[in-house]
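Chemist: Just so you know, the sequences run in chain order A and B.
Here the first sequence is numbered in the numbering used here, starting from 19 and rising by one per residue.
Here the second sequence is numbered in the numbering used here, starting from 775 and rising by one per residue.
Calculated from the structure, these hints are not laboratory results.
All figures in this text were calculated on a predicted structure; none of them were measured in a lab.
Take the hints with a grain of salt, since some may be wrong.
Take a look, some chain A residues computed to stay more than 12 Å from chain B by CB distance [unchecked claim]:
{"hint": "1", "residue": "G55"}
{"hint": "2", "residue": "P147"}
{"hint": "3", "residue": "F188"}
{"hint": "4", "residue": "I200"}
{"hint": "5", "residue": "I216"}
{"hint": "6", "residue": "F234"}
Cross-link-like lysine-lysine pairs, in silico, DSBU-like; alpha carbons within 35 Å at most [to be verified]:
{"hint": "7", "chain 1": "A", "residue 1": "K57", "chain 2": "B", "residue 2": "K909"}
{"hint": "8", "chain 1": "A", "residue 1": "K168", "chain 2": "B", "residue 2": "K1215"}
{"hint": "9", "chain 1": "A", "residue 1": "K57", "chain 2": "B", "residue 2": "K1138"}
{"hint": "10", "chain 1": "B", "residue 1": "K1255", "chain 2": "A", "residue 2": "K168"}
{"hint": "11", "chain 1": "B", "residue 1": "K926", "chain 2": "A", "residue 2": "K103"}
{"hint": "12", "chain 1": "B", "residue 1": "K986", "chain 2": "B", "residue 2": "K823"}
{"hint": "13", "chain 1": "B", "residue 1": "K1197", "chain 2": "A", "residue 2": "K103"}
{"hint": "14", "chain 1": "B", "residue 1": "K881", "chain 2": "A", "residue 2": "K103"}
{"hint": "15", "chain 1": "B", "residue 1": "K987", "chain 2": "A", "residue 2": "K107"}
{"hint": "16", "chain 1": "B", "residue 1": "K1210", "chain 2": "A", "residue 2": "K168"}
{"hint": "17", "chain 1": "B", "residue 1": "K1125", "chain 2": "B", "residue 2": "K1138"}
{"hint": "18", "chain 1": "B", "residue 1": "K1255", "chain 2": "B", "residue 2": "K1141"}
{"hint": "19", "chain 1": "A", "residue 1": "K231", "chain 2": "B", "residue 2": "K1000"}
{"hint": "20", "chain 1": "A", "residue 1": "K107", "chain 2": "B", "residue 2": "K1125"}
{"hint": "21", "chain 1": "B", "residue 1": "K785", "chain 2": "A", "residue 2": "K235"}
{"hint": "22", "chain 1": "B", "residue 1": "K1231", "chain 2": "A", "residue 2": "K107"}
{"hint": "23", "chain 1": "A", "residue 1": "K31", "chain 2": "A", "residue 2": "K191"}
{"hint": "24", "chain 1": "A", "residue 1": "K103", "chain 2": "B", "residue 2": "K851"}
{"hint": "25", "chain 1": "A", "residue 1": "K168", "chain 2": "B", "residue 2": "K1138"}
{"hint": "26", "chain 1": "B", "residue 1": "K1013", "chain 2": "B", "residue 2": "K955"}
{"hint": "27", "chain 1": "A", "residue 1": "K218", "chain 2": "B", "residue 2": "K1019"}
{"hint": "28", "chain 1": "B", "residue 1": "K1018", "chain 2": "A", "residue 2": "K235"}
{"hint": "29", "chain 1": "B", "residue 1": "K1125", "chain 2": "B", "residue 2": "K1215"}
{"hint": "30", "chain 1": "B", "residue 1": "K842", "chain 2": "B", "residue 2": "K808"}
{"hint": "31", "chain 1": "A", "residue 1": "K168", "chain 2": "B", "residue 2": "K893"}
{"hint": "32", "chain 1": "B", "residue 1": "K1215", "chain 2": "B", "residue 2": "K1231"}
{"hint": "33", "chain 1": "B", "residue 1": "K1000", "chain 2": "A", "residue 2": "K57"}
{"hint": "34", "chain 1": "B", "residue 1": "K838", "chain 2": "B", "residue 2": "K782"}
{"hint": "35", "chain 1": "A", "residue 1": "K107", "chain 2": "B", "residue 2": "K881"}
{"hint": "36", "chain 1": "B", "residue 1": "K1197", "chain 2": "B", "residue 2": "K1210"}
{"hint": "37", "chain 1": "A", "residue 1": "K57", "chain 2": "B", "residue 2": "K1197"}
{"hint": "38", "chain 1": "B", "residue 1": "K1255", "chain 2": "A", "residue 2": "K107"}
{"hint": "39", "chain 1": "A", "residue 1": "K103", "chain 2": "B", "residue 2": "K1013"}
{"hint": "40", "chain 1": "A", "residue 1": "K235", "chain 2": "B", "residue 2": "K1019"}
For glycine and all other residues, C-beta sits at the position ideal for the given N, C-alpha and C.
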Amino acid sequence: MEIIEVYGLSITKELMMLLMYVPIIVTMVAFFRYMLGTKTFGVYPSLVLALSYYYLDTSDAILTGLKYGLLITLIVTICATLVYKLISKTRMHYLTKISIIYTGVIIGIIISSFFLSYLSPIRTLRLIPLPILMITTISDRLVAYQIKKKILTTIILTAESILVASIGYFLMKWDALAEMLIYNPSILIIILLINLLIGKYSGFRLTEFIRFKEIFKTNLENVDSN
Amino acid sequence: MRLSTILKLSKNSILGLNKRNQLYIRPYNTSTAKNNADDKILCKKMLNKVGISTTSTYKVIYSKEQLKLILWDNLPKSFVIKPNKGTGGNGIIVFWGKRKGILEWIKSNGQVLDVAQIKTHISDILDGRYSMGSKKDIAILEERVINNDLMKTYSYRGIPDIRIIVFNMVPVMAMLRFPTKRSNGKANVHAGAIATGIDIATGITTTSIINKKFSLIPYTQDSIDKMVDKPYLSLRGIKIPYWKKILRIAINSQLVSGLGYTGVDIALDKNKGPVVFELNARPGLAIQIANQKGLAERLQRVEGLKIKTIEQGLETARTLFGGEVQDEIESISGKQIIAPFETIKLIGLEKPTKTKKLKKETTKTLKQRVRARIDTGEYYSFLDRKVAFNLGFAPVIIDFEEANSKTKDEATTSAQKLVQKWKAQFIDISFEIIKKSESYKTFPLIPIRTLIDEIDKKINYKIRDRTRLSYPAVIGRKDLKEFLVDPGKQITLK
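Could you build the full structure based on these sequences and the hints that come with them?
Modeler: In structure tokens:
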């Protein structure tokens, strides 16, 4: 474990890196919501996914890259949706439904890791357990959204969360940025300023240009005819 | 040009989510008011206190222990189960009827639920399955709204509801949401219900939208004109009954709720009339697409106005945001809409005049503005004799007045002669013969160029002495083919 010194403080490099990336990813989620209009599942799932992807990448020397994390997310998403679809018609208490969905997701992961292990030459999956568990927690959100919204909306939200998390993953993998952040925690002041700016932004979100297309159309016609 | 217009519209006219939250919801809706509005039971109590009718509550279920104690026999044939803090119509079950003799109720889609199934649904509600943020909730059993006859023709199973955005005591924008087959009887736009814009002044529907069925970008809509499930029904031009009353209720609800910016949902009950469904502290933005108009512009105009009474709020809305429908009907029918009393402009003959300075002969067209009564009860149009004189038709009229004939034939021949005479001078008159005591009198019908609400046409006027009547001119049916008369149109004094 590498120990570094920041402003006279001795701290592990890993911890410092994690600490510095949390505000950056959270800011990114805020930027995506208020400037671009992609909703995502919120701060927590995106953060958890990004960190999980990062950790999964470092764990197995053979299966590296983002694909691992994405694969597990995909398995979780499919399992949670399938199990929900299976039991949505049966009437039972809400929390038992959630438990059944979690159980289904875990079964899915166990089965798929059996197959995944074949990809590894030593026939064992050397993955850190915690990131996998963290990814499974998004199934809770998945189901909560599926009950209230349409399935298409949920899929879009999931995709958005994965997109934000992936960008977060690439930022964490970007050595130059990581080095700069680790040794200059004062960058957080800039992050604060960016958040203040986003917080005060009252203009359109990028997706709203598409959402209000019909109004633009009719109003443009009026302008043209005048 | 195109892009700059879009940017301009997005900056000033249309309300985006960021702007809504920052400029209207946060400053005007306090957290207490928001909590009160989200709580349906509390909301009903507040509204009932000031005499606004809501759906009456049969039972409120707070806990699972209480759920066990419900006397199912006492429940009526039709009722609704609702989560107290639900959103977007989730968790609501509407029962339309009951099986005879058994404790089984029939849902709007025909599905039958027994007591056990209803109990699981209620306990789901209590567990917070449908509430905001999955918190524990309360279940409400309440009266089912019975569709008003007009609304019944337009709805698929559910109840259409009217959403009115009220800001600073002024109804700013309104829409009507129709449940469809796709929305499964829910009046929720995101679920696939139709949203139709309403003209605030008249309560007549305008443009409509429906969510795209498959779209990767959420919240994109198609414009539609006809009811989806009943394509023979046009969505445009529906006159909503009790419109003024509905607006008053909306304003009053905003006042009572303590919310500065609110969406009031109102349904029309067959027996009770307008009934407030719920108050919304964070009303959505789809209403803009339904109306094809921006909210931001309207909110800016209303912000800071000192409205003291409900009537004042109503009047402000009607004057500021009304009048869309009139243009619409005009564009549909191609007919100009005029008031029962209009100022018309008459253009008479050219009269030679001498200008003092140049001592040169020029001509001047004689014109006069008069007030006219638009009378669909009359066939012909009439004009006062004096006005006709002013327009230069004096010789024609006098010619006819001097002709007196004993018999009808004589009158006809003499009148025909006069017609020929004036035709030579390019005045294409016709005549009428009226029997007066012993003699027959002929009257000319004089064609005069007339401007009614900017439409230029030649009208044949019957000339009468109307000096003692209040309107020197009457426009009859014969000359009103290009017009629609709107008794509600305001008389403009030019």
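Chemist: If a hint holds in the structure, say so; if it does not, say that too.
Modeler: Hints, verified against the model:
Not every beta carbon of chain B lies more than 12 Å from that of G55/A, the smallest distance being close to 8 Å; the non-interface claim is violated. With a least beta-carbon separation of about 27 Å from chain B, P147/A lies farther than 12 Å from that chain, consistent with its non-interface assignment. With a cut of 12 Å on Cβ distances, F188/A stays outside the contact zone with chain B, its closest approach being about 23 Å. At the 12 Å boundary, the C-beta of I200/A stays outside the reach of chain B, the nearest C-beta of that chain being 34 Å off.
The claim that I216/A is not at the interface with chain B is violated, since a C-beta of that chain comes within 12 Å of its own (minimum 9 Å). Some Cβ of chain B comes within 12 Å of the Cβ of F234/A; the nearest lies about 5 Å off, and the non-interface call is violated. Proximity of K57/A to K909/B is assessed by CA-CA distance (about 21 Å); at most 35 Å being required, the pair is judged to hold. Annotation: proposed proximity of K168/A to K1215/B is violated, straight-line Cα distance about 81 Å (limit 35 Å).
For the proposed pair K57/A and K1138/B, the alpha carbon gap of about 71 Å is over 35 Å, so the pair is violated. Between the alpha carbons of K1255/B and K168/A the distance comes to roughly 52 Å, so the proposed pair goes past 35 Å and is violated. Among the hinted pairs, K926/B with K103/A is consistent with the structure: their alpha-carbon atoms are about 34 Å apart, no more than 35 Å. With a C-alpha separation of about 41 Å, the suggested pair K986/B and K823/B falls outside the 35 Å cut-off, and the hint is violated.
Proposed proximity of K1197/B and K103/A is contradicted: the alpha carbons are some 87 Å apart, above 35 Å. Simply put, K881/B and K103/A have alpha-carbon atoms about 22 Å apart, close enough for the 35 Å limit, and the pair holds. At roughly 23 Å between alpha-carbon atoms, K987/B and K107/A fall within 35 Å of each other, so this suggested pair holds. About 82 Å separates the Cα atoms of K1210/B and K168/A, which puts this hinted pair outside 35 Å; it is violated.
Distance restraint check for K1125/B and K1138/B: the Cα-Cα separation of roughly 5 Å lies within the 35 Å cut-off, and the hinted pair is therefore satisfied. A threshold of 35 Å between alpha carbons decides the hint, and for K1255/B with K1141/B the separation of about 24 Å falls inside it, so the pair holds. Restraint check: the Cα-Cα separation between K231/A and K1000/B comes to about 21 Å, which is no more than 35 Å; the hinted pair holds. With a C-alpha separation of about 89 Å, the suggested pair K107/A and K1125/B falls outside the 35 Å cut-off, and the hint is violated.
This hinted pair checks out: K785/B and K235/A have alpha carbons roughly 16 Å apart, not beyond 35 Å. Taking the CA atoms of K1231/B and K107/A, the gap is about 70 Å. The hint is violated against a cut of 35 Å. Our distance criterion of 35 Å between C-alpha atoms is met by K31/A and K191/A, whose separation comes to about 14 Å. Under the criterion of a C-alpha separation no larger than 35 Å, the hint pairing K103/A with K851/B is consistent with the structure, at around 32 Å.
A distance of roughly 73 Å separates the Cα atoms of K168/A and K1138/B; the hinted pair therefore is violated under the 35 Å criterion. About 23 Å separates the Cα atoms of K1013/B and K955/B, which keeps this hinted pair within 35 Å; it holds. Pair hint K218/A plus K1019/B does not hold up; C-alpha atoms about 39 Å apart against a cutoff of 35 Å. Simply put, K1018/B and K235/A have alpha-carbon atoms about 31 Å apart, close enough for the 35 Å limit, and the pair holds.
The straight-line distance between the Cα atoms of K1125/B and K1215/B is roughly 28 Å, inside the 35 Å bound, and the hint therefore holds. Of the pairs offered as hints, the one joining K842/B and K808/B holds, with about 32 Å between alpha carbons and a cut-off of 35 Å not exceeded. The suggested pairing of K168/A with K893/B holds, with an alpha-carbon distance near 25 Å, which does not exceed 35 Å. Of the supplied pair hints, the one linking K1215/B and K1231/B holds, its CA atoms being roughly 28 Å apart against a limit of 35 Å.
Straight-line distance between C-alpha atoms of K1000/B and K57/A comes to about 32 Å, which keeps the hinted pair within the 35 Å bound. At most 35 Å may separate the alpha-carbon atoms for a hinted pair to count; K838/B and K782/B exceed this at roughly 54 Å. Straight-line distance between C-alpha atoms of K107/A and K881/B comes to about 16 Å, which keeps the hinted pair within the 35 Å bound. Of the pairs offered as hints, the one joining K1197/B and K1210/B holds, with about 27 Å between alpha carbons and a cut-off of 35 Å not exceeded.
With a C-alpha separation of about 78 Å, the suggested pair K57/A and K1197/B falls outside the 35 Å cut-off, and the hint is violated. At roughly 62 Å between alpha-carbon atoms, K1255/B and K107/A are farther apart than 35 Å, so this suggested pair is violated. Between K103/A and K1013/B the alpha-carbon distance is near 43 Å, which puts this suggested pair outside the 35 Å criterion. Between the alpha carbons of K235/A and K1019/B the distance comes to roughly 34 Å, so the proposed pair stays at or under 35 Å and holds.
Violated hints, listed in ascending order, are 1, 5, 6, 8, 9, 10, 12, 13, 16, 20, 22, 25, 27, 34, 37, 38 and 39; each of the other numbered hints is respected by the structure.
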